[in-house]
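> Use the sequences and the hints to build the structure in full.
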Amino acid sequence: MFSLNKLFPVFALVAISFLPVAALAADTGHYGIGTTATAKEIAGWDIDVRPDGKGLPKGEGSVAQGEPMYEAKCASCHGSFGEGEDRWPPLAGGEGSLTEDRPEKTVGSYWPYASTLWDYINRAMPFTAPQSLTPHEVYAISAYVLYLNDLVEDDFVLTQSNLASVKMPNVDNFYIDNRPDTNNKRCMKDCKDPSKIVIIKSLSGITPDQNEDSAEAAAEKPKLSESAIAGKATYTTSCLVCHGSGVAGAPTLDDKESWNKRLEQGVDTVVKHAIKGFMGESGMMPPKGGNLSLSDQQVKDAVQYMLEAQ
Amino acid sequence: MSESKKPESSKEYLAGLASNVPSSSRRDFLKKGVKFSTGLAAAAVTGGSLATNNLPPNIPSWTKSLGTGVVSTPYGVPSKFEANTIRRTVEWLTAEKISSISMSPIQELKGIITPNGLVFERYHAGAITVNPEEHRLMIHGLVDNPLIFTMDDLMRFPSESVINFLECPANGGMEWRGPQMEALQFTHGMISCCEWTGVKLSTLLEEVGVQTKGKWILAEGADGAGMSRSIPMDKALDDALIVYAQNGEMLRPEQGYPVRLFNPGWEGNTSVKWLRRLEIGDKPWHHREETSKYTDLMPDGRSRRFSYEQEANSVITSPCPENPWGQKGSYEIEGLAWSGRGKIKHVDVSIDGGVTWRPARLKGLVLSKALTRFSLPFKWDGSPLLLQSRSVDDTGYVQPTLTQLRDIRGTNSIYHKNSIHTWQLQSNGKIKNVQLK
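Chains as they are written, first to last, in our numbering: chain A, 4 to 313; chain B, 167 to 603.
No wet-lab data here; the hints were simulated from the structure.
Treat the hints loosely; a few may be bogus.
[To be verified] Pair by pair, the computed Cβ-Cβ distance ranges are:
# : chain 1 : residue 1 : chain 2 : residue 2 : range
1 : A       : I202      : B       : K494      : 17 to 25 Å
2 : A       : A46       : B       : D573      : 45 to 53 Å
3 : A       : D258      : B       : T295      : 47 to 55 Å
4 : B       : N311      : A       : K226      : 52 to 60 Å
5 : A       : K199      : B       : Q493      : 27 to 35 Å
6 : B       : N311      : A       : A67       : 42 to 50 Å
7 : B       : R524      : A       : P92       : 33 to 41 Å
[Stated by the list, open to error] Listed below are several chain B residues computed to face chain A (Cβ distance under 10 Å; list not exhaustive):
#  : residue
8  : T234
9  : E257
10 : R302
11 : I305
12 : P312
13 : P419
14 : E420
15 : W546
16 : N578
17 : S585
18 : I586
19 : K598
The beta carbon of each residue, even a glycine, is placed where N, CA and C say it ideally should be.
Dropping the structure here:
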């Protein structure tokens with residue numbers, strides 16, 4: 004009896020642990036593929052934030068703390084006052100413009116939730132160095148952008164607990180898609196009065212030239228040095244944003260005059276400015292273009308590429 | 167009609183276009199024209215006669231010699247004579263090319279499948295390089311069993327293949343205020359159609375066990391944009407696919423290699439590329455790409471959100487600005503139609519700007535949420551025409567006129583412009599992009 008009593012529960016456990024698994028596989032279509040995600044793994048990737056504040060990490064940041072961060076990491080594209088440089092998005096202004104002929108959709112005039120600002124800066128900004136900011140920086144820069152939109156005072160501190168209560172002016176002006184909204188009929192004849200047809204023609208001269216021959220053009224270019232070849236990838240991912248368009252006074256690749264002027268100080272100085280940052284007469288170069296994860300060598304190679312690829 | 171008038175070639179068309187572009191581009195064109203004139207394309211540029219050595223009754227040089235051997239090109243590429251069939255972008259649309267869009271050359275394509283190298287591109291932080299061995303898809307949130315899948319894991323599930331279009335909701339969006347683009351590639355090229363292969367999202371959701379409160383899914387990409395969209399559970403359980411292959415081969419990097427979400431019939435942005443995470447929640451997230459962008463501003467200042475479906479649309483692809491007609495005679499009016507709500511039921515064609523319509527024939531495969539070819543043989547007498555196509559899908563929805571669309575949406579909603587398009591055929595066979603009032 005003793006031995007039976009000991010054995011029986013073991014036997015029963017085995018039976019229980021096998022049967023339900025078999026039943027699951029048959030009834031719910033579980034394939035048993037994949038590995039359980041641990042709490043730690045989830046925490047590392049679960050970065051999303053919702054309007055009710057769910058997902059925000061602990062932390063805070065003030066308007067005053069955000070100002071220099073914004074100037075260093077955001078203003079080169081978005082402008083010192085959020086007005087937007089070149090074709091980069093303006094962040095402020097445009098209040099009351101949504102019904103006008105040329106609406107300006109900014110954080111203040113259009114965005115329904117402050118959480119979206121925090122979430123987007125955290126996941127995708129700065130453009131050249133995404134997911135590089137600390138929670139404190141994201142709180143502070145978000146606070147400053149809200150301030151640029153006159154939505155908070157200059158002594159405001161944005162925190163995990165007050166973000167959801169920041170009310171955005173345009174929050175009530177969104178509604179769920181209610182299409183189909185047109186009701187055309189499949190008319191086959193006499194569908195309109197031909198004498199009333201007015202023909203509107205296109206603007207001339209804005210259609211891109213389609214006669215491309217990029218392979219030929221590339222073949223004509225001189226060969227690049229090893230350093231320049233190594234620097235091309237860095238240029239593409241971290242420098243092109245400004246040096247491609249000339250935003251923030253950055254010399255573009257085809258602007259030989261500006262480059263020659265800079266080269267008068269010597270290549271080493273140009274490289275040093277690229278690594279350490281530089282405020283010049285005609286433009287501002289943030290340290291490593293704002294992407295501090297780049298090594299000095301990567302920046303040096305990228306400069307070499309820009310000099311040779313002109 | 168003079169007998170010497172030949173159909174205008176693509177090169178001649180481009181030469182005409184060159185007169186409309188800035189002088190530097192024009193110089194480039196003329197320079198290239200000179201180069202071409204020494205080669206095979208001489209006739210096309212000058213309008214003169216081809217070298218006759220390869221024409222009947224002569225035996226062509228390629229018949230009297232040998233070609234290249236197998237695997238001389240281990241991964242095949244198009245004929246060098248098709249160098250004009252490429253993706254193109256409109257540079258002034260965006261600040262730079264890392265967050266930008268290119269268009270498929272639908273004016274050159276046949277059938278309904280877009281070759282992988284010509285599928286339109288849309289990046290918000292560039293096309294990234296992902297090592298599939300180091301890529302993971304995590305599913306968590308309101309689930310019983312949060313899981314992480316490797317690519318090998320995903321490919322062990324039963325796979326499904328579907329042929330569906332993929333379209334940017336901004337397709338045609340440059341023309342809300344008026345006609346701007348003298349090229350089909352730029353007016354309608356933000357669309358492609360592929361066979362997509364992967365595992366049904368519903369299969370993966372069963373695997374993690376979605377809790378009853380789970381009504382929304384956040385899909386998130388592994389790119390620098392961390393692209394994120396809120397997807398309703400109904401769509402996820404209906405036909406959403408976790409895709410790892412297109413047209414028979416693994417996804418191209420441009421399309422989210424090694425794995426993307428694919429929502430058939432919905433605006434392309436929801437089909438998040440380089441998919442790394444799906445979180446199940448009880449509410450939508452209202453992230454940047456579903457509030458600031460991809461919402462439709464209406465004339466009253468309010469905006470539609472979660473406007474996911476791509477409504478029925480169509481366009482004539484031949485003739486078009488890039489495919490003009492020549493002398494009078496027999497032609498096929500051909501085009502593409504599609505609907506994000508189902509199958510194309512009818513396409514009608516008008517040659518008089520929408521006064522009268524005649525039904526076109528649907529040819530080849532007619533599939534739900536896929537590009538569909540339509541055709542109308544036509545004898546042209548050389549008179550000017552206003553060509554239009556109008557699609558009807560199997561929900562009964564009829565593609566609207568531009569006036570009908572503008573009456574409701576104004577001109578500032580950017581997305582979802584699916585109105586009837588008008589090509590003006592001139593008596594010289596050239597096509598102009600026009601709009602009718």
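> Closer than 10 Å between Cβ atoms is the bar; does B:E420 clear it against chain A? Give me holds or violated.
Violated, because the Cβ-Cβ distance from B:E420 to chain A comes to roughly 15 Å (cut-off 10 Å).
> Does the interface hint hold: is B:K598 within less than 10 Å of chain A, judged Cβ to Cβ?
holds (7 Å)
> Is the hinted range of 52 to 60 Å satisfied by the C-beta distance from B:N311 to A:K226?
holds (56 Å)
> Report holds or violated for the interface hint on B:N578, using the least CB-CB distance to chain A and a cut-off of 10 Å.
Because about 6 Å separates B:N578 from the closest Cβ in chain A, which is inside the 10 Å limit, the hint holds.
> At a threshold of 10 Å, is the proposed contact between B:W546 and chain A supported by beta-carbon distances?
The hint is violated - B:W546 has no Cβ within 10 Å of chain A, the shortest such distance being about 19 Å.
> Does the Cβ distance between A:I202 and B:K494 fall inside 17 to 25 Å?
Between A:I202 and B:K494, where Cβ atoms are some 22 Å apart, the hint holds.
> Go through the hint on B:R302 and say holds or violated, using the shortest Cβ distance to chain A against 10 Å.
This interface hint holds because 9 Å falls under the 10 Å limit.
> Cβ-Cβ distance between A:D258 and B:T295: within 47 to 55 Å?
violated (30 Å)
> Against chain A, is B:P312 within 10 Å by beta-carbon distance?
holds (4 Å)
> Holds or violated: is the Cβ of B:S585 closer than 10 Å to a Cβ in chain A?
Holds - the Cβ of B:S585 comes within 10 Å of chain A, reaching about 9 Å at its closest.
> Does the Cβ pair A:K199, B:Q493 satisfy 27 to 35 Å?
holds (32 Å)
> A range of 42 to 50 Å was offered for this pair. Does it hold for the Cβ distance of B:N311 and A:A67?
holds (46 Å)
This entry does not satisfy hints 3, 7, 8, 13, 14, 15, going by the numbered hints stated previously.
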